[in-house]
Amino acid sequence: MTLYYQEYGEKSGPLMLFIHGGGVSGWMWDKQVQYFTDFHCVVPDLLKQDKKMGFEGFSIGNSAEQLLKLIEKKAKGKKVIIIGFSLGAQVAIQMVSKKPHLIDYAIINSALVRPIPFSSYFISSSVKLTYPLIKNKLFSKVQAKTLYIGKDYFEKYYEESSNMRRDTLISVLKENMAFELPGKFSQAKGKILVTVGDKERTIMKKSAADIVKKNPNCKGVILPGVGHGVSLAEPQFFNQMVEKWIIDGKIPDGKIIN
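Mapped onto full-length UniProt numbering, the consecutive letters of the sequence shown carry residue numbers 1 to 258.
Keep in mind that the hints were calculated from the coordinates and are not lab data.
What you are looking at is a predicted structure, and each value in this text was computed from that prediction instead of being measured.
Any given hint could be a false lead.
DEER-style ranges, computed between Cβ atoms [as the list claims (entries may be wrong)]:
| no. | residue 1 | residue 2 | range |
| --- | --- | --- | --- |
| 1 | F154 | T130 | 27 to 33 Å |
| 2 | P115 | D248 | 31 to 37 Å |
| 3 | I247 | I203 | 30 to 36 Å |
| 4 | Q240 | K189 | 23 to 29 Å |
| 5 | K135 | E72 | 24 to 30 Å |
| 6 | G13 | H101 | 19 to 25 Å |
| 7 | G13 | S124 | 43 to 49 Å |
Glycine included, C-beta positions come from ideal geometry on N, C-alpha and C.
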């Protein structure tokens, strides 16, 4: 399976890998790669290979393996920072668990790590009922709003959503809702910042607390006034948050997760 990715910024700088969430792709990080021009920014599209190579089933584990190989190929002794959102944050957790010493900094945004009971039973049937709606622009606009996707990116979001195969969507949802913290996550050696929005669901806040408790290198914060998608909702704040965390370990304002 071919991994699609794009590179930006200064290739001699520290490696910064951005991992997108479900329902979006690498474009969600446009405001970040425009800001971190002194870094070697790498932005994969985890689902793009389905379009040309046929469906092989999305897997968080396989995605993590591919991205770790990419880091080993590109980093060449440089500092490594990974930033993941939602599904991408789950992939990031899997990555630091598989290679505890490879990654220097990880920013985990809105990661679900509490499996939803019986999700595999109802996902397939519910997607069969709702799948036709993905081509409905009004429905897509409602979904886009929950992810803070504005007018500038809506058409791109709508196009990608409309083209997503039903079996791809089912595969992604099953992986997302069944994910739990790997046992080896506690061995990750890098510095890890865990964030969740205060407007997110309770299960997301509890997941953030679970992550923080699992590894002594984790620091966590509930970000005020934001829901699921802080990097899209407040890109300037998000960029500065990442920068301050990398440079001096400063945690952004908000309720600290203990």
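Hints, verified against the model:
Range check, F154 to T130: Cβ separation about 19 Å, and the 27 to 33 Å hint is violated. Roughly 36 Å separates the CB atoms of P115 and D248, a value that falls within the hinted 31 to 37 Å. Taking 30 to 36 Å as the suggested C-beta distance range, the pair I247 and I203 conforms, at roughly 32 Å. For the pair Q240 and K189, the supplied restraint of 23 to 29 Å holds, since their beta-carbon distance comes to about 25 Å.
Between K135 and E72 the beta carbons are some 40 Å apart, a value that contradicts the proposed interval 24 to 30 Å. Hint check: G13 to H101, Cβ distance near 21 Å, so the stated range 19 to 25 Å holds. Checked against the hint of 43 to 49 Å, the C-beta distance between G13 and S124 comes to roughly 44 Å, which is consistent with it.
Comparing the model with each earlier hint shows violations of hints 1, 5; every other hint is respected.
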